[in-house]
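Given chain A's structure and the hints, the job is docking chains B and C onto it.
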Amino acid sequence: MLQSIKKQLHNSVDLADRVIKVGEVDVGFVYLKSMTDNLIFSQSIFEPISNFQGELSVEELQQIIKSNDVSQISEEEILKNVLKGAVVILLSNSEKIVAVDIMKYNTRAPSEPPTSAVIMGPREGFTEDFQTNISLLRRCLHSEKLVFESVFVGITTKTQVVVSYLDGVADRKILKEIKKKLENIKIDGVVDSYYLVSLLSGRPNSILKQIGTSEKPDIVAAKMLEGRVALIVDNSPIVLTIPFVFLEDLQSSNDYYTNYVYSTLLRFIRVVAILLATLGPGTYIALQLFHYNVLPLKYLITIANSTQQVPFTPFIEILFIMLLFQILYEVSLRLPSYLGLATSVVGALILGDTGVKAGLISPPAVIVVAIAKIALYTVPEEAAQITLVQYVFLLIGASLGLLGLIGGMIYFLAYANSVENFGAPYLAPFSPFIKKDNKDGLFMVPVGSMKTRPHSFKNENEDRLS
Amino acid sequence: MKLQIKHFFKTPMLLVFVAMIVIFAFGALGTPAEINRYAIVTAVGIDLLGDDEEVSGNKYEISLLTFVPVAQQNFAERYKMISSKGRSVSEAMDFAGLHIGREVGLSHVKMVVLNEELLKDDVSNFLDYLIRSIQLSSSTKLIATDSSAKDFLSVAQQLDSESSIKVSELISYNKNYVYGTDSSLETFFKGTYGPTKVGLMSFVSVESGEGEGISASVIDSQNGGSGASGGNSQSKESSSSQTKEIINDGETLVFKDGKEVLKLTGADVEKINLIKGNYRTGAIEIKHFTDVVFNDANLTFEIFDQTNNFKVKFENGIPVIYIDTSLTVRLSEVENSGESPKENIELLAMTDEAIDAIIKEVKLSMSEGIELMRENQVDIADFYTSLYNSNRKAFLKFLEELEDPESYLTHAVFKASVRVYSK
Amino acid sequence: MRVLDKTLNAWQLGILMFVLLFANKILVLPSLLYEGAGFESIFIPVLLFLLEFGLVFLFYRLKTKFPNETFAQILKNHFGNVVKVIIFVIFMFFFLSKAVLLYNVTYIFFRNLIYKDYSNFLFLFCIIPIITHLAVCGLRVMGRTAQLFFPVIIVIIAFCIVVGFFGINSKPLLFEGSLSDFVLTTLKHVSSFGDSIFLFLIMDKAIVKKKQWKIVFGFSLISAILVVLVTVVFALSYTYTAFLHPYAIFEIMSYVKEYGGLGRIDIISMVVIIIFTYFHLAIYLKAFMLSFHEVFRKVNFVYPVITFNLIFLVVIDFFILNLEKAVVYGENVLPYIGIFPFVILPIAVGVLLLLKKRKPEKKDENYMKKSGVEVDETKKVQNSGGKKENLKMTDMNTENLNQVKAFSNENKKDKKFLRKVIGRRESETAN
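Protein chains in written order, with the working numbering: chain A, 63 to 528; chain B, 9 to 431; chain C, 5 to 435.
Misleading hints may appear alongside valid ones.
Pairs of lysine to any residue residues, derived as SDA-like cross-links and limited to a Cα-Cα distance of at most 20 Å, are as follows [stated by the list, open to error]: (1) B:K174 x A:T364; (2) B:K183 x C:F169; (3) B:K405 x C:S182; (4) C:K120 x B:R110; (5) A:K220 x A:K248; (6) B:K14 x A:P266; (7) B:K295 x B:K368; (8) A:K142 x A:E157.
Covered stretches of chain B, going by a simulated chain A footprint (3 or more residues, C-beta under 8 Å) [unchecked claim]: (9) 19-32; (10) 71-79.
FYI, nobody ran anything at the bench for these hints, they're computed from the structure. Built from N, CA and C at the ideal position, the CB exists for glycine as well.
Bound conformation, chain A alone (with noise of 0.2 Å):
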């Protein structure tokens, strides 16, 4: 038997087998010495059985074991249990084989996530460790309520994923629905959270954000009590809450531990920022190109003497800058923090200051576009689809003007319009207009006076507040 499991496990480096004599008894154990805990298996299991006295059943062995996590498993089981991190254990005397939970690999501890970074509020964050991850939600929702129910997706990797949520306050449709569409997956593998979300999109090929994604218990929590259900992937920080809106990236997790006036002045120019970012250098190069006289005397002559010693054409230059500025990001995110300090010198001084001076690019091209790269970072969560637009937007104010960019406005919103995740309109609650739920949305109330849960998507239990 050992030798069956060590060839399918291809004799891996970590697998520990050992027998060991226990009176007339063989006991032989089988381990992963990679993900199980040494110290408890020479205490809690090996010392006891080798110190036993007499003949071994199985059911003595479970006695004296000191774990709390022992079960029997089948034949087909063993490896299973194996990869898990269990120890499992074998007798000469019985067929039955018994297994011991002793898993234990390294985690990181809750630290404060990179993104989304509060003023005041909770600084948790999750880890890659899913249990860390429920006990993380756990502490935020002490209800007999919360709901954690495991699938495995994946082929190889054979992922742990949680579906968890609130009983009576989810969806139950959109909860089956998604359990459906889990089980229904049919992928190698699944190493991060992220392979999940295209896989779950209603419109796998959109470019549009589907699902949203959380690094924080406190926003997870607080979604879940809106009724969304949220899947939390072994291995991954990132959980992710089905329905998603565009509205909950608009909405950041320090809007609610602060002033309800200054968040809706927050989202205000978070708003504002979006449109600078997506319409910022469209509308630059189509008033240079197409409409010059709409822009006030001043901004012209401005505009006009400093683009005088630019040898390319106005495109080709704000293309340049924007290239520029994207590969600054990129290298500036890849490279270790210490060299991307080097990086955003040479980047920002020398090339842009040195560009500037030497008559490359003009400084109103640039500052459009920095203004644009900047306002992109107010909503990160929205960054990479925010990128994508506006490019698309550049190339439309470069090839059709006002005209173009206004249609091009048109149309993304109306195919925003057209999206519908779980039952859930992607512009809601402003498109359909959701009165109730505008209490928070561009504008918010007081926690105390949101009475009711979203109406943007289905939920089982309107009342929040009463």
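Relative to chain A, chains B and C alone:
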């Protein structure tokens, strides 16, 4: 790959997008900025050419104050004057475009300067081009001048570069704070095409030497300067520089049916403004005034506020126009020739004598203004509309009975009642 | 729980009505009206809007009398198939010809102002794909998108009108034009109105609860008030020079240019015009598609789209592309089309209403006789209709199977709702 191609053709918008890139975006890569294809004109001057030029058929000379970009990062506004000639304004514009190799962009024009000679013609004929050009804002200022428009513009340009005083702002200031004469394309045309057929235009003169206006030293533009000039370019005396000044003292030209009929001085404008009820500033002066407080003093009153009400009644078929004016005034200056006032004048309420004197003065000004309008048959205050709207039938009948329908002001009766409040 | 229906709700319908009633009346209409009838022209929109509201009211009556049927079904049942086809052919023609006029006017406006060097090709390239997308995506997407733009539009228009008030500086002559001028101008521009007959085409798709009718009427009223305000402001600002200023909403903003620091804010009026043009043309295309489907049954949606765009292209490129021609077309050719919304359709609807009223007992009997079958049928029609639309929509957007599944899931949910609605309607009609 096959699947991707299939998908590609199933999404028509993607096709449209790719088509857009192929058709337009590649073209846009090579398109220069519009700023470099257009000459941005900020002021237009129009002159009438002399008889000697008419052999060539050219009638007008236009001068365009054009912004020239300078390759530098600090804010710098530099202008160049371009002039060209043509049989019509639009032809001259086309030639101007030829001279600079750029299309003439009129969307930022702030003012149009017209030579006085030109105004003897039918103005609306050639201004028509300007207002029909949809690029041009209808609030563009119209300025008439006694020297050539070209000179005017070169002085204006010099002023701008020396002191950043903009001549178009002088006109705006006049409109908003001094005489209230709105001299823009729109108001001019509104008057001309309106029932009174009277249009107004600000008159600003240019004189040599340093006097009371704002002055600037310019190179005499007739002898050089504009390199792109289509006509004569004698550059003998181009080095001679002289000081010229722009004098804006509120003079206003009055047009009827598109022809100049009258030049109003600032004082005349004030009188008519009293009738119209849009008195902006200035003063009512009362000379040799004596009452309890003052003794033979010259008083100046500042008008704060004026509201006018027109009422029209037809008596025996003749219209009687009642002008009901309320004025709020404040004593602003006292020139005592006799003894100094007995008490602090600031704190005194106006005496009845003073009020009577003001009323008398105002009525006098009004009657002078009306007389002025009657003499020239120009209805600047637009009584026509008031008469027409009050009683259409009676007014039309009244007009029919007149020998000359234009002389309705002469035959109408005006009665004014003035109330004065002190502030 | 809010049911997110596939159909239009009252708000979206109201906003589409707003676009329909507002869009083509703020650009050239005030100027043309002033030229024709003097200052009193401000009463022409008031008069014509009253007629327009009559149409909306007729629709309301028809909708309450025949809550579950489409206009085509009603016409077919009462007048026969031939009349139905004729009326829907006129519908097609009506919307197509109005689309041509609207496109022309906007094209000339933008060509003059901000696209000096660019040809018609660029405009069509912008407009055709986007209106097609809006129309194909369906009414609900269109309604929702319009809903999103609505606050922007209303703020900008309010701003335009307020700015326009500052520009007022002239006293108009009252009753300068004669009555015949007034009547003639009214008749000439009757074709600018009558867009609300679009409602008859979407009779089955507009689900408006009894209390929500006031929303639809409210939006119509707001747009009427705004149009009249724009007309009044324009008439007061350009009293004697209206003929020099053809573009009302843009011209009343032109005084802003004087406030140097702000620059040219008048561009925002252009933004509004662009948004309106897109939506209005999309609605025309949608109306064309809907009536096309009634005339030529069971054809793919591609055919009406292609037909519309082709005719559009041909007419625009070969016949009209300057303001004079467009005005001639609008004033001399189009008014005859105005007969349709203001004469033919009201008569038809009036007759329908009378028929319904005159034979209530007979109808009831019929109802009773058929009720068992008919009500079930309507249920089926509703449900399968819903399904069909869903499938169509997925076809149009080329989605994968998942989407269909999701839709069918939703359809199950919708069924419950529909049953409720039908039940409620039955009780209403019984009452």
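These are the hints, each one checked on the structure:
Taken as a hint, the K174 (chain B) and T364 (chain A) pair is honoured in the structure, with Cα atoms around 18 Å apart against an allowance of 20 Å. A C-alpha spacing of about 19 Å is found between K183 (chain B) and F169 (chain C), which places the hinted pair at or below 20 Å, so the restraint holds. Distance restraint check for K405 (chain B) and S182 (chain C): the Cα-Cα separation of roughly 17 Å lies within the 20 Å cut-off, and the hinted pair is therefore satisfied. At roughly 14 Å between alpha-carbon atoms, K120 (chain C) and R110 (chain B) fall within 20 Å of each other, so this suggested pair holds.
For the proposed pair K220 (chain A) and K248 (chain A), the alpha carbon gap of about 11 Å is at most 20 Å, so the pair holds. Taking the CA atoms of K14 (chain B) and P266 (chain A), the gap is near 16 Å; set against the 20 Å cutoff, the hint holds. Restraint check for K295 (chain B) and K368 (chain B): satisfied, since their Cα atoms lie roughly 12 Å apart, inside the 20 Å limit. Of the pairs offered as hints, the one joining K142 (chain A) and E157 (chain A) holds, with about 18 Å between alpha carbons and a cut-off of 20 Å not exceeded.
Given a C-beta distance limit of less than 8 Å, the hint that chain A covers the region 19-32 of chain B holds, as 6 residues qualify and 3 suffice. Beta-carbon proximity to chain A at under 8 Å applies to 4 residues in the region 71-79 of chain B; the threshold of 3 is reached and the given coverage holds.
Consistency note: the structure conflicts with none of the earlier hints.
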